[in-house]
Amino acid sequence: MHYTEGLAPDDVALLVTSLKALSGVVSYVDIVLHEALLSSIFGMSMWNYGPDVMDPLVELIKSLAASNGAFVDSCLDMLVRNFMPPKSFIGFLRQPRGCARKDEVLNRVHSALTDIAYLVPLAPSRLLPIILKRMPNMFDNEALLVMYVESMLRLESSAIGELIGSTMLMAVVDRLVDLDVEIGWDDIIQEDSSKGIFHMELEDLEEAADYAAKDGSEFLKGTLCGLKSMNFGGNVVAEKLDSLMVLTCQHLESCYDEGRLTKVFDTLLQSFRVTVLNAYKSKFAQFVMFYACSLDPGSCAVRFANLLSDIFLCETHPPLTRMGAAAYLGSYLARAKFLPSSLIAYMLKRLVGWCYKYIQIQDGEVKTINPVTHRIFYSGCQAVMYVLCFRMSSMVDVPPLKSQLFQMPLEQILHHPLDPLKVCLPSIVKEFLRQAKAARLFTLSENFLFSDLLESDLSKAFGGMQRLDMFFPFDPCLLKKCDRFIRPNFVYWSMVRTTYDEEDEAITEEDDNDVVSDDAAARSFDEHDIDLDEFEYSMNKMSITPRNSSKHGLTSGLRAPMRMPAKIRPSTSPESL
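For the record, in the sequence shown the residue sitting at position 231 is 231 according to my numbering, with numbers rising by one throughout.
It is worth saying that the hints were derived from the structure and are not from the lab. Careful, some of the hints might be misleading.
[What the hints assert, rightly or not] Okay, derived cross-link-like pairs now, PhoX-like style, lysine-lysine, Cα gap no bigger than 20 Å in a straight line:
1. K337 x K357
2. K87 x K133
3. K402 x K349
[To be verified] What follows is a list of derived Cβ distance ranges for each label pair:
4. I361 x T321: 17 to 23 Å
5. Q95 x L7: 18 to 24 Å
6. D310 x A36: 54 to 60 Å
7. S125 x Q250: 26 to 32 Å
8. L7 x L37: 30 to 36 Å
9. D266 x K349: 24 to 30 Å
10. T114 x P399: 55 to 61 Å
11. L269 x A70: 35 to 41 Å
12. P121 x Y356: 52 to 58 Å
Keep in mind it's a predicted model, so treat the numbers as computed, not measured. Note that CB positions come from ideal geometry on N, CA and C, so glycine has one too.
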């Protein structure tokens, strides 16, 4: 039983004979008297043997589990430990023979688990805690972690998954979040954007080339271009997360093909509410939800939007949870290419309706700007403005949606003494007002003097220590391997057709110095004295999306790209949480 390497043909034959003989007398095996023998059996690794030994070993394990309930946990534990090879096999797995051995072992392991679950009905409930206990932590080897999660997802889609699949899927999401929050914001972007392991989306190819020459980093090559993600510079945590994200997205795709996505999505929603929503340092794990929604826009995408809006509107949830839901909803509505404009308009109507009721309640009280007291209100207002920065043009082009938008009491909300235009992020307010002017959405009666700052003291105050004022969860994903799942369904700022035109706007503003417009909305907006150079500088600091839409492989139909708060350093959430 203890031979593992260099077995001669006679040794193999003797081992096979012993295993088969033991299978025939399992009813005589005593857990106390034969402790050493059982320890040897359960300590065997199938990775060390060929199929001629694996098969009788698996039969012995199944026979032991079926013969005596006292052996069930040990049998299940032995099989779960074979989800991963010994560490000495890691290099071997990169070879064709290693891949073949992996398939030979895991196919037998999962077949044995299924058979034991059939023979011992309580086995799945005993299996679950063993799987969770044996799950590698975030600091274990990437190849071993990926193989283990791969087996967990395989079980989720098997007959055993009907009983324990949801818990295992939630455990996988939990591990994604664990890895995600381990990646500090300093690892993604420094104040000096030419430094850091990750790199913000570069403005153009010239800057990208300069950065590569200076930093020595390699660019993603191939058909996917645009987001010039740099390599991870040895950040093993990010690489592990990227690999697990790919594995999870592939699993969701298979669930969709098998018609199981709706059921799996129930688990994802629960996991999102419990784990992801309040993980304010999460930067990438939430894209599992994004991808699942993109697979089923008619059902999953709508359910996710409804969940976020319901959480925001529900007064029984804690303020930070409601603010997080507003941030998620705003980012989701802005970035999800698969969402219909009608759904976006409906969600905006819900947000605006709540904000309008809020100011009506406040009318009888002292009307002073208090970012902390009214932080939920400001988070809702900012979400509305952020969505409209991306979607206003597409809405005003459709008469029914334009009518809905113009009937929303945005002017009453934004001009209320609580003054969200002064509290929300200046960069978002600036872009929103610029598009509102071009769309003639409402009349402004006050000057707003903006600096080139991305944030203000007031926005910091309502964002709190978690900086939820700068949290945009679905900003572009910087993980290079899983990017291929997100990119086709993602709206980059370079793709957005705004309500204004850069050149026409400049000419109009020059003419308006001498000619008074007969349109009240345009006339009042011109009094804002917004410096477009400063605005573009501010937007440059914020945007990590490409300036040239051709980088995305896009053809006609998209306007020349603008610069806009597509990424805020990016989606800044503090390291202190």
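Okay, the hints, checked on the actual structure:
no. : hint                    : result
1   : K337 x K357             : violated (30 Å)
2   : K87 x K133              : holds (19 Å)
3   : K402 x K349             : holds (12 Å)
4   : I361 x T321: 17 to 23 Å : holds (21 Å)
5   : Q95 x L7: 18 to 24 Å    : holds (20 Å)
6   : D310 x A36: 54 to 60 Å  : holds (59 Å)
7   : S125 x Q250: 26 to 32 Å : holds (28 Å)
8   : L7 x L37: 30 to 36 Å    : violated (19 Å)
9   : D266 x K349: 24 to 30 Å : holds (27 Å)
10  : T114 x P399: 55 to 61 Å : holds (57 Å)
11  : L269 x A70: 35 to 41 Å  : holds (39 Å)
12  : P121 x Y356: 52 to 58 Å : holds (56 Å)
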